[in-house]
Amino acid sequence: MYKNRIIELLARKLAGEATKSELEELNDLITRYPDSVYYEEFLEQLWLNSDEQTDIPDVDQAYLAHTLKFRDEFEPKPQTNKIVGFRKYKSLIGIAAILLVIVSVSVFYFNRGHKFSPDTEIVAGKGIRKKIKLPDGTLVWLNSDSKLSYESDINQKEKRIVYLIGEAFFDVAHHKSHPFIVRTDKLCVKVLGTAFNIKAYPVDKKSEATLIRGSIELSVNDRSEQKIILSPSEKFALVEDKKVLHVKSDQAPDVPKDITLTIQHIVPVRIGENEYIEETSWRDSQLVFQNESLEDLKPKFERWFNVKVNFEAEKAKSYRFTGVFKNETIEETLKAMQLIKPFNFKLKEHDVIIY
Amino acid sequence: MPKHLPDLNSLISHIALYNNENAYEKLFKSLFPSLYRFCFYLLKSRELAEEVASDVMITLWRDREKLAEVRNIKVYAFVIARNLSLNVLNKHSKQEWVSLDDIEFEIVLDNLNPEQILINDELKKKLEVATEKLPSQCKLVFKLIKEDGLSYKETASILNISPKTVDAHLVTAIKKMSNVLKAEFNLM
Numbered sequence: 001m002y003k004n005r006i007i008e009l010l011a012r013k014l015a016g017e018a019t020k021s022e023l024e025e026l027n028d029l030i031t032r033y034p035d036s037v038y039y040e041e042f043l044e045q046l047w048l049n050s051d052e053q054t055d056i057p058d059v060d061q062a063y064l065a066h067t068l069k070f071r072d073e074f075e076p077k078p079q080t081n082k083i084v085g086f087r088k089y090k091s092l093i094g095i096a097a098i099l100l101v102i103v104s105v106s107v108f109y110f111n112r113g114h115k116f117s118p119d120t121e122i123v124a125g126k127g128i129r130k131k132i133k134l135p136d137g138t139l140v141w142l143n144s145d146s147k148l149s150y151e152s153d154i155n156q157k158e159k160r161i162v163y164l165i166g167e168a169f170f171d172v173a174h175h176k177s178h179p180f181i182v183r184t185d186k187l188c189v190k191v192l193g194t195a196f197n198i199k200a201y202p203v204d205k206k207s208e209a210t211l212i213r214g215s216i217e218l219s220v221n222d223r224s225e226q227k228i229i230l231s232p233s234e235k236f237a238l239v240e241d242k243k244v245l246h247v248k249s250d251q252a253p254d255v256p257k258d259i260t261l262t263i264q265h266i267v268p269v270r271i272g273e274n275e276y277i278e279e280t281s282w283r284d285s286q287l288v289f290q291n292e293s294l295e296d297l298k299p300k301f302e303r304w305f306n307v308k309v310n311f312e313a314e315k316a317k318s319y320r321f322t323g324v325f326k327n328e329t330i331e332e333t334l335k336a337m338q339l340i341k342p343f344n345f346k347l348k349e350h351d352v353i354i355y
Numbered sequence: 356m357p358k359h360l361p362d363l364n365s366l367i368s369h370i371a372l373y374n375n376e377n378a379y380e381k382l383f384k385s386l387f388p389s390l391y392r393f394c395f396y397l398l399k400s401r402e403l404a405e406e407v408a409s410d411v412m413i414t415l416w417r418d419r420e421k422l423a424e425v426r427n428i429k430v431y432a433f434v435i436a437r438n439l440s441l442n443v444l445n446k447h448s449k450q451e452w453v454s455l456d457d458i459e460f461e462i463v464l465d466n467l468n469p470e471q472i473l474i475n476d477e478l479k480k481k482l483e484v485a486t487e488k489l490p491s492q493c494k495l496v497f498k499l500i501k502e503d504g505l506s507y508k509e510t511a512s513i514l515n516i517s518p519k520t521v522d523a524h525l526v527t528a529i530k531k532m533s534n535v536l537k538a539e540f541n542l543m
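Heads up: the protein sequence lines correspond to chains V and W, in order.
321 is the number that the numbering used here gives to position 321 of the first sequence; each next residue is one higher, with no gaps.
To convert a position in the second sequence, counted from 1, into the numbering used here, add 355.
Pulled out of the complex, with its shape left as it was, chain V reads as follows (with noise of 0.2 Å):
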């Protein structure tokens, strides 16, 4: 019958939940049966009405009763107390007057003891990958030719703090109240409990933090007020190039005029059935690389077999390649390459000579 389809059409609608083709059918059925204009008026009527029965307490005694029935939940913090009007909670003001004679104690106490001096270095070098357990139960991945400094007591500390060069994978073990923080030359990195990837070699022009899961809080090191924060499968990206004279990025126009910040998606690299993430499958021994041109693939090739890589044919540095490689060699990584670009390669020791 179609009064029922008309109302269960009408339910959907008022819900929000109606698609395109019932909301459609809808309409058709009212021009067919124009008395059906009753019920939508009426029930929009309705729907439209809140039930004021329930009368809601007023949000802002309630959240004043919250923090006070809470107090011990919260940090004290003056300024935040301050928005609680002064006449009426004149007992408030002497707790926040003592809260604040202890976090301004406090604050210097931990203050004190927050030089950070690593006396703990990992260095993985050339061709080398590690994987590591920081005190705190962290895992970390070391990349190649990469270094990770930290504090030996560094589960002792309010602040976990790591200091890295080159690339290196973190899954953070959850500790309240002890955030892990990786810096770089460029970049810093806050998080809680998480898995992400930072690519901060020197020689790049490029630094990169990859969130896989979790929550991740970065800024840049010198502007530091002005803070990023990524959600899963997103990548930062901060390109220094001297020659660049204006920001491509508008989202961030109070940046210095040579460096550029992008977020974006990770794109995972589908080859064959498979798909490859990038940025960290070399967890995996596996290298892995997109539409890239030889000359960007030199350092990775570099870091990744141990090896120096000359170019004799300038034509050879703008092919570009895709592709995963696992247990291969220097030569036999190559040799494949071979098969889609035309160039010659010799292989001394560690030097790989393309022309």
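Where hints are given, some of them may not hold.
[Stated by the list, open to error] Here are the simulated SDA-like cross-link-like pairs (lysine to any residue), alpha carbons at most 25 Å apart as the crow flies:
no. : chain 1 : residue 1 : chain 2 : residue 2
1   : V       : K190      : W       : R417
2   : W       : K519      : V       : L14
3   : V       : K3        : W       : K481
4   : W       : K381      : V       : P179
[Said to hold, decoys possible] Here are some, though not all, of the chain W residues that point toward chain V, as calculated from beta-carbon distances under 8 Å:
no. : residue
5   : L372
6   : E380
7   : R392
8   : M412
9   : E420
10  : Y431
11  : K481
12  : I529
13  : M532
Think of the hints as simulated: they come from the structure by calculation, not from any bench.
Computed from a prediction, not measured in an experiment: that's the story for all the values here.
Even glycine gets a Cβ: it sits at the ideal position worked out from N, Cα and C.
Following the hints, position chain W against chain V.
Relative to the frame of chain V, chain W by itself:
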């Protein structure tokens, strides 16, 4: 009415990463009214509803580090509210176990402006009587969708039923009201 809430996800990031109390205050003010209303349907007591809604919020604050991984904070909060409310009911009742289906409550149609539409008190009463006999889950579905602007999917995960069932419940409730309307206005 579904109100446009501030970007809850960015609030949550601020809470999870910086322990930001200002962000928490905003989150509290966006969620508290809906949570309070939902708890009130279940508990029938202003004091208890206020207490439970406040407890839901402090639970979010206590577990703030995990919040970054929560996909839909609204659903997450409502599920906590449902569980805490049922705990309270179980504690207060002599019965061993209270389920959502056993809770009695009414659909109250309020505040209709007679100038906008010709609905008198009598009709309102008729509508309320008609909806009274609906199963309680059906009424709850009606309220969550109408008052809190939740989607089928969200309502489904809060009440632990399938979105199809949510649709069926809503259609049933609307149908009951339409029947009253039909009799009243001699519609086809």
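Against the structure, the hints come out as follows:
This hinted pair checks out: K190 of chain V and R417 of chain W have alpha carbons roughly 20 Å apart, not beyond 25 Å. The hinted pair formed by K519 of chain W and L14 of chain V meets the criterion: a straight-line CA distance of about 16 Å does not exceed 25 Å. For the suggested pair K3 of chain V and K481 of chain W, the alpha carbons sit about 21 Å apart, so the restraint of at most 25 Å is met. Among the hinted pairs, K381 of chain W with P179 of chain V is consistent with the structure: their alpha-carbon atoms are about 23 Å apart, no more than 25 Å.
Taking 8 Å as the C-beta cut-off, the interface hint given for L372 of chain W holds, the closest approach to chain V being about 5 Å. For the restraint placing E380 of chain W at the interface with chain V, the shortest Cβ-Cβ distance is roughly 6 Å, inside the 8 Å limit, so the hint holds. Contact between R392 of chain W and chain V, as hinted, is supported at the beta carbon level, the nearest pair being about 5 Å apart and thus within 8 Å. Among the interface hints, the one on M412 of chain W holds; its C-beta lies about 6 Å from the nearest C-beta in chain V, closer than the 8 Å criterion.
Nearest Cβ of chain V to the Cβ of E420 of chain W: about 5 Å, under the 8 Å cut. The hint holds. The restraint placing Y431 of chain W at the interface with chain V is violated, with a minimum CB-CB distance near 15 Å, outside the 8 Å limit. The criterion of a C-beta within 8 Å of any C-beta in chain V is not met by K481 of chain W, whose closest approach is roughly 13 Å, and the hint is violated. At about 4 Å, the closest approach between the beta carbon of I529 of chain W and any beta carbon in chain V falls short of 8 Å, and the interface hint on this residue holds.
Taking 8 Å as the C-beta cut-off, the interface hint given for M532 of chain W holds, the closest approach to chain V being about 7 Å.
The structure is inconsistent with the numbered hints 10, 11, although it conforms to all the rest.
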